[in-house]
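Novice: Heads up: the sequence lines are chains A and H, in that order.
Under my numbering, think of the first position of the first sequence as 13, with each following residue one higher.
Under my numbering, think of the first position of the second sequence as 507, with each following residue one higher.
It is worth saying that the hints were derived from the structure and are not from the lab.
Take the hints with a grain of salt, since some may be wrong.
[Claimed, not checked] Computed beta-carbon distance windows for the label pairs:
1) H/Pro606 to A/Asp260: 45 to 55 Å
2) A/Gly109 to H/Glu607: 53 to 63 Å
3) H/Lys705 to A/Gly109: 50 to 60 Å
4) H/Glu611 to A/Pro237: 27 to 37 Å
5) H/Gly519 to A/Val83: 27 to 37 Å
[What the hints assert, rightly or not] Facing chain A, according to a computed beta carbon distance under 10 Å, are these residues of chain H, among others:
6) Leu550
7) Gly558
8) Ile563
9) Asp569
10) Leu577
11) Gln579
12) Leu581
13) Ser654
14) Arg744
[As the list claims (entries may be wrong)] Here are the computed lysine to aspartate or glutamate pairs in the EDC-like style, where the Cα-Cα straight-line distance is at most 20 Å:
15) H/Lys601 to A/Asp88
16) H/Lys601 to H/Asp621
17) A/Lys61 to H/Glu632
18) A/Lys92 to H/Glu572
19) A/Lys170 to H/Asp569
20) A/Lys92 to H/Glu644
21) A/Lys210 to H/Asp569
22) A/Lys170 to H/Glu644
23) A/Lys184 to H/Asp600
24) H/Lys574 to H/Glu607
25) A/Lys170 to A/Glu115
26) H/Lys574 to A/Asp231
27) H/Lys583 to A/Asp238
28) H/Lys576 to A/Asp231
29) A/Lys85 to A/Glu43
30) H/Lys586 to A/Asp238
31) A/Lys85 to H/Asp600
32) A/Lys236 to H/Glu724
33) A/Lys64 to H/Glu572
34) A/Lys85 to A/Asp69
35) A/Lys64 to A/Glu31
36) H/Lys705 to H/Glu667
37) H/Lys574 to A/Glu31
38) H/Lys585 to A/Asp238
39) A/Lys64 to H/Asp569
40) H/Lys601 to A/Glu43
Think of the CB as a built atom: it goes at the ideal place given N, C-alpha and C, for glycine as much as any other residue.
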Amino acid sequence: MNEVLSMKNGASASFSTEEILIDLSSIGSFENILFELTNIIEQSNLRGKNVKINFGDLSLTQNMVSSLQSVLKGFDISIKMIFSSSIETKIAAMEVGLTVSGEKPEIKQQTASSDSTTETQKDEDKLVDAMNNVLAGSHEIVKENTLFIKQNLRSGQKLEHDGNIVIIGDCKAGSEIIATGDITIWGILGGIAHAGSKGDYNAKIRAFRINAIQLRIADLLARKPDAIEMEKMDKHNLFTPEEAKITDGEIVIYTEY
Amino acid sequence: MSGRVIVVTSGKGGVGKTTSTANIGTALAKNGAKVVMIDTDIGLRNLDLLMGLENRIVYTLIDVIEEKCKLQQALVKDKKNPNLALLAAAQTRDKSAASPEQMVEICNQLKEEFDFVMVDCPAGIEQGFQNAIAGATEAIIITTPEMSAVRDADRIIGLLESKEDILNYKLVLNRVRPKMIQSNDMLGVTDVTDILSVKLLGVIPEDENIIISTNRGEPIVNMENTKAGTAYMNIARRIMGEEIEIPDFETPPPTFIDKVKNFFLATASS
Chain A
13 MNEVLSMKNG ASASFSTEEI LIDLSSIGSF ENILFELTNI IEQSNLRGKN
63 VKINFGDLSL TQNMVSSLQS VLKGFDISIK MIFSSSIETK IAAMEVGLTV
113 SGEKPEIKQQ TASSDSTTET QKDEDKLVDA MNNVLAGSHE IVKENTLFIK
163 QNLRSGQKLE HDGNIVIIGD CKAGSEIIAT GDITIWGILG GIAHAGSKGD
213 YNAKIRAFRI NAIQLRIADL LARKPDAIEM EKMDKHNLFT PEEAKITDGE
263 IVIYTEY
Chain H
507 MSGRVIVVTS GKGGVGKTTS TANIGTALAK NGAKVVMIDT DIGLRNLDLL
557 MGLENRIVYT LIDVIEEKCK LQQALVKDKK NPNLALLAAA QTRDKSAASP
607 EQMVEICNQL KEEFDFVMVD CPAGIEQGFQ NAIAGATEAI IITTPEMSAV
657 RDADRIIGLL ESKEDILNYK LVLNRVRPKM IQSNDMLGVT DVTDILSVKL
707 LGVIPEDENI IISTNRGEPI VNMENTKAGT AYMNIARRIM GEEIEIPDFE
757 TPPPTFIDKV KNFFLATASS
C-alpha cells in the first residue's frame, strides 16, 4: 500500500492513502534540502497535497522554514506537520505556525534497530535515576533538553517534545502540550497539558494560573470541575503561581511550594 | 437492531447545526432512546463545549480511526443522561485526517448499539461534509430565514439528492422571529419551504436562552419552559414518529378587536 520514492542522497518520499511523508533527515544542509525537495516534487505529483516533512537533526532558522513554506506554496503544497529533533527547527516551525513533533515518524523501510536499543537503554537509565530520586525523597528537574518557546499557544496547536517545555505566553483552551519532562508556563494554562508522558510520575506542571481543561501526569488524569459559570479571564487579577504534581496517586494543584 | 444515522447539515456556517445536534440528540435521549452524537468538525470542534463535556475528552474520533483506542473508550457519557454519548472530534488535526470510508465503518459499528447516531457536520461542502454524510441514511437540513442560508441549504439538498444512501431529508428552520415575519420583514416559513421544496421537520423561534445555554454547556432542552427547548423536544418526538403539529408563526395573533368580533359572531351563530 505504501509507495516509496527514494532519491540518491538518502532523501525519500513515502505515499500512503492517508498521508505523504518526505524524509530529509539524511540531508545535511538547507541548500541541499531545497534541491532534494524540488527533485521530489518534479518526480511525483504532490500538487494540492498536504505533506509531512522529517528534517532529522538539522537546525533551521525561522527564515529558512518560512521560505521552504513559500516555495512549497508555489507548488500548491502545504506542510501539515514537521518532525525534527533540533530545538532551533522546532521553535522556528512553531513561530511560523506549523505543527511540530519531536517523535520519529514511522517509515516502513527505515530499520533503526541500533538506535532503538540505545534509546531503551537510555529510558532504563532514566527510570533508575527517577527511582533513585523517589527513594532519596527529592526530585530534581531532569537536566535534559528543554524546549523554550516565546509565544502564545492557540486552539488547535499541539506541541510535543522529548524533554522539558518552557513557554513564555498563554496556552489557550484547545491547545495541547505533551512533554516527557516538566511543563512550565509563564502565563495562563487553559488547554491540555501532559507532563511525564513516558511515565514519569515525578513530572510537574507549573503556570501562573492553571485553568486547564485537563491535566495529565504520566498515566494519571485530572479534569477541570464542571462549574456552571461563564469563563472569566480577568487579566488584571494578581496571580499566584500554581504547580500541579502527583500526591498519593492523584494530581493535586499547589499554590505554595 | 440497527439504529438510524442522521446527519445535521446546513452548508452555511453559524445557522445552528451544532446547537441543533446537541439539542435534538439530548431530546431523543430524554424520550428514552439510546443516542450517540459524533462531532465531525475536526480542528474546529464545538459540540463538546455545548454539551459541557470538554473536560472529559481523552480520546477522539481520530484516535479511533488511527486505532489508538477502541471505539468504546472514545465515547464520552453525558453528565445527566446515561443514554446519551458523545464521540468528539480532534482539535489539533484537520479534516483530511478522516476519510468517508472510515466514517461509514464507525457509523456502522455505532448503529449496532445505539437507536440514533447524530452526526454534526462542519460548514462547507468539502471533505468535512463528505465525511459527515458518508455513513448517514437520513439528513436534517438546518437553515435560517435569510437568503444566504437558504441558498446554501439548496446547494446542500442538491448534493444530498445525488447521494443514493440518503433516504430521507427534512428541514429545520432556525432563529425564526414571528413578529418580523408578520410585518413582512423576514422570509416566512412557507416562503422557505416553497423555495427549497422539502418537508418541514420543525421551526425553532429565536430565543435568548440559547446564548445562556451555550455558555453554560447545558443544552436548552434541559432548561424549563423555553421556546426553543420546546421546539427541539417536538422535533425529537416527530423524529420518533409522533404526529405533532408545527405551530403557526405566520398569522398574527388575534387583536382585542378581533376577539370581540369573534365573540359576537360566535354568539350570533349559536
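Novice: Work down the list of hints and note, for each, if the structure agrees.
Specialist: Verification of the supplied hints:
| no. | hint | result |
| --- | --- | --- |
| 1 | H/Pro606 to A/Asp260: 45 to 55 Å | holds, 47 Å |
| 2 | A/Gly109 to H/Glu607: 53 to 63 Å | violated, 31 Å |
| 3 | H/Lys705 to A/Gly109: 50 to 60 Å | violated, 45 Å |
| 4 | H/Glu611 to A/Pro237: 27 to 37 Å | holds, 36 Å |
| 5 | H/Gly519 to A/Val83: 27 to 37 Å | holds, 32 Å |
| 6 | Leu550 | holds, 8 Å |
| 7 | Gly558 | holds, 6 Å |
| 8 | Ile563 | holds, 8 Å |
| 9 | Asp569 | violated, 13 Å |
| 10 | Leu577 | violated, 19 Å |
| 11 | Gln579 | violated, 13 Å |
| 12 | Leu581 | violated, 16 Å |
| 13 | Ser654 | violated, 26 Å |
| 14 | Arg744 | violated, 30 Å |
| 15 | H/Lys601 to A/Asp88 | holds, 18 Å |
| 16 | H/Lys601 to H/Asp621 | violated, 27 Å |
| 17 | A/Lys61 to H/Glu632 | holds, 14 Å |
| 18 | A/Lys92 to H/Glu572 | holds, 17 Å |
| 19 | A/Lys170 to H/Asp569 | holds, 15 Å |
| 20 | A/Lys92 to H/Glu644 | violated, 33 Å |
| 21 | A/Lys210 to H/Asp569 | holds, 18 Å |
| 22 | A/Lys170 to H/Glu644 | violated, 35 Å |
| 23 | A/Lys184 to H/Asp600 | holds, 18 Å |
| 24 | H/Lys574 to H/Glu607 | holds, 18 Å |
| 25 | A/Lys170 to A/Glu115 | holds, 13 Å |
| 26 | H/Lys574 to A/Asp231 | holds, 15 Å |
| 27 | H/Lys583 to A/Asp238 | holds, 14 Å |
| 28 | H/Lys576 to A/Asp231 | holds, 17 Å |
| 29 | A/Lys85 to A/Glu43 | holds, 18 Å |
| 30 | H/Lys586 to A/Asp238 | holds, 12 Å |
| 31 | A/Lys85 to H/Asp600 | holds, 18 Å |
| 32 | A/Lys236 to H/Glu724 | holds, 16 Å |
| 33 | A/Lys64 to H/Glu572 | holds, 16 Å |
| 34 | A/Lys85 to A/Asp69 | violated, 24 Å |
| 35 | A/Lys64 to A/Glu31 | holds, 8 Å |
| 36 | H/Lys705 to H/Glu667 | holds, 14 Å |
| 37 | H/Lys574 to A/Glu31 | holds, 17 Å |
| 38 | H/Lys585 to A/Asp238 | holds, 9 Å |
| 39 | A/Lys64 to H/Asp569 | holds, 18 Å |
| 40 | H/Lys601 to A/Glu43 | violated, 33 Å |
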